[in-house]
Amino acid sequence: MTNLEKLNNIFCEVFSVEVSALGAGFDNKSVEGWDSVRQLSLTSSVEDEFDIMLDPEDILEFTSYDNAKKILGKYEIEL
Amino acid sequence: MTIDNLSKVFLDLDKKPKGKVAAIDDSGRSVTYGDICDFAQEFAKQLPQRSLIFILSENCIGSLLGYTAALSNRIVPLIISASTEESLYNHLYELYQPEYLWMPQVKAKGKVVVFSAWDYCLVKTGNQHIPMYDELSLLLPTSGSTGSPKLVRHSYRNIEANADNVRRLFKLDGSEKAMAILPMHYTMGLSVIASHLLAGSTLLLSGRSLLDKGFWATLKEATSFTGVPYSYEILTKMRFTRMDLPNLKVITQGGGKLTEAMWNTLAQYAHDRGKQFVATYGQSECTARMAYLPPELALQKVCSIGIAEPGGQLSIVDDNGNETFEGETQGEMVYRGENVTLGYATCREDLIKGDENHGMMHTGDLARRDADGCYFIIGRLKRFLKIYGLRIGLDEVERMIKTEYKTDCYCKGDDEKLIVLVIDSRLQEVLPNFIEEKTHLFHQRIEVQVVKEILRNEAGKVINQ
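Taken in order, these protein sequences are the chains called A and B. The first sequence begins at 783 in this note's numbering and counts up one residue at a time. The second sequence begins at 8 in this note's numbering and counts up one residue at a time.
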């Protein structure tokens, strides 16, 4: 599985959506039910999957699919 | 109602300095104690007689003013979340038929709006007046999320007693700035609000997620933070113990049990940084709080709920039915105090009912008391879970599944996870999302297990647990 597929799987599992739903508009404003529980579930899954430890600032910024990709870049995870 | 109470204003709101800020919300706007009193009078003009109102709450000033105005004018609110799932809301509406709604303006399209202020509006529904017990002050759902029609009936004295007990417990005064992030429709959220208003403090009222930058900016101002176990999971994940929060004096927790590891982290943090960590225990049946562990005991009495709060009394009834107030023992914990509510309502006609509890509550929790008089919760007699601090009634979840899918099921679990036993394997996929939609419980905390059959004994009790 590629890193992108791993990330997509995490999003799909947390929000119960198909991969096709993910993209530029997938963020905490437009996705219903995006709350702290889901955001923390996302970041914890990402930490486990990629074996990294996110900085608190990055956990706060984990508010969209696009941001998630950007943040993973900071930790040298190539997508 | 006594003569004394007739002349008394709710939470002595009229006795606070008029210009003192009572609450600031996420919009950055604030209200003073004078504003709250003025608003209550304005509200009374629109709604002159005692009636039943639904408050569709959010943690903002508009919602807060609806609460204080209603309680100041003997208007009886049922407070529910403004984001209550539609079919659950409709069920409550049909059952109780409120005469008025106090709701966010943006949600009131097509309704008869009588009056609006602070992005909230008063809606007249056309429902008939219903007689209510004279001392009835407030209704809250027993379950924050499953939308059970079962409500807790509070008296005026319940609210005042809880506010005063909590004020005394934390020695609250006008200098406090309390982070009020727990939802208003949740008993402990309301307890934070009432106790600090009674003390003349300032509420930092917020509907934000704990993973919102705005929350962290506000927390720097706060002198106290009240959370449920999950709040502290987020806080530690954010490594708040390393942050510089000089104004923060008290961190306090209720709404379920902390893990031992989390407890130790918080107790040690408080000890090292000269702050107070105060674990508390409560139920909506007793107007939120009932017990607390004095902060100086936090490092010794790990995971203890401590002792009865000021104004309350705890005891244990053991297996032989003997009730004791001191000494080592275990059994069902019983509470006595003026914050013990009147009882439940399950339909509109119940609103006329009087006091059924008479100041005494069998908590349904199994507790152990140590030689020093500190209580520890060790189990539960009633069928509910507390996940994210919210009560999930197992009977209610079962009923929802049975109604929707016409199939037998059985719910169990712990405060980490809800487990649903079903026979029909096709439900394994759909149930987590169905339950999430109905209760807002995150689907990753729901596990569906397919079993061959659900075995019941003659009394109907499920035996393949």
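There could be a bad hint or two in this list.
Said to hold, decoys possible - FRET-style restraints, in silico, Cβ to Cβ: (1) B:Asp415 / A:Val799: 45 to 55 Å; (2) A:Met783 / B:Gln307: 30 to 40 Å; (3) B:Gly350 / A:Tyr857: 15 to 25 Å; (4) A:Ile834 / B:Asn134: 34 to 44 Å; (5) A:Met835 / B:Val309: 45 to 55 Å.
To be verified - In silico lysine-lysine, DSS-like type, Cα no more than 25 Å apart, as pairs: (6) B:Lys220 / A:Lys811; (7) B:Lys114 / A:Lys856; (8) A:Lys811 / B:Lys459; (9) B:Lys114 / A:Lys811; (10) B:Lys256 / A:Lys811.
Hint data in this document are derived by calculation from the structure and do not stem from the laboratory. All residues carry an ideal CB built from backbone N, CA and C; glycine is no exception.
Status of each hint after checking the structure:
About 31 Å separates the C-beta atoms of B:Asp415 and A:Val799, a value inconsistent with the hinted range of 45 to 55 Å. Look at A:Met783 against B:Gln307: about 49 Å separates their beta carbons, and that is not inside 30 to 40 Å. Here the CB-CB span from B:Gly350 to A:Tyr857 is close to 55 Å, at odds with the stated 15 to 25 Å. About 56 Å separates the C-beta atoms of A:Ile834 and B:Asn134, a value inconsistent with the hinted range of 34 to 44 Å.
Taken as a hint, the range 45 to 55 Å is violated for the pair A:Met835 and B:Val309, whose Cβ atoms sit roughly 27 Å apart. For the hint pairing B:Lys220 with A:Lys811, the CA-to-CA distance comes to about 14 Å; that is within 25 Å, so the pair holds. Distance restraint check for B:Lys114 and A:Lys856: the Cα-Cα separation of roughly 41 Å exceeds the 25 Å cut-off, and the hinted pair is therefore not satisfied. For the given pair, A:Lys811 sits about 43 Å from B:Lys459 by alpha-carbon distance, which is inconsistent with the 25 Å threshold.
For the given pair, B:Lys114 sits about 18 Å from A:Lys811 by alpha-carbon distance, which is consistent with the 25 Å threshold. With a C-alpha separation of about 33 Å, the suggested pair B:Lys256 and A:Lys811 falls outside the 25 Å cut-off, and the hint is violated.
Comparing the model with each numbered hint stated earlier shows that hints 1, 2, 3, 4, 5, 7, 8 and 10 do not hold.
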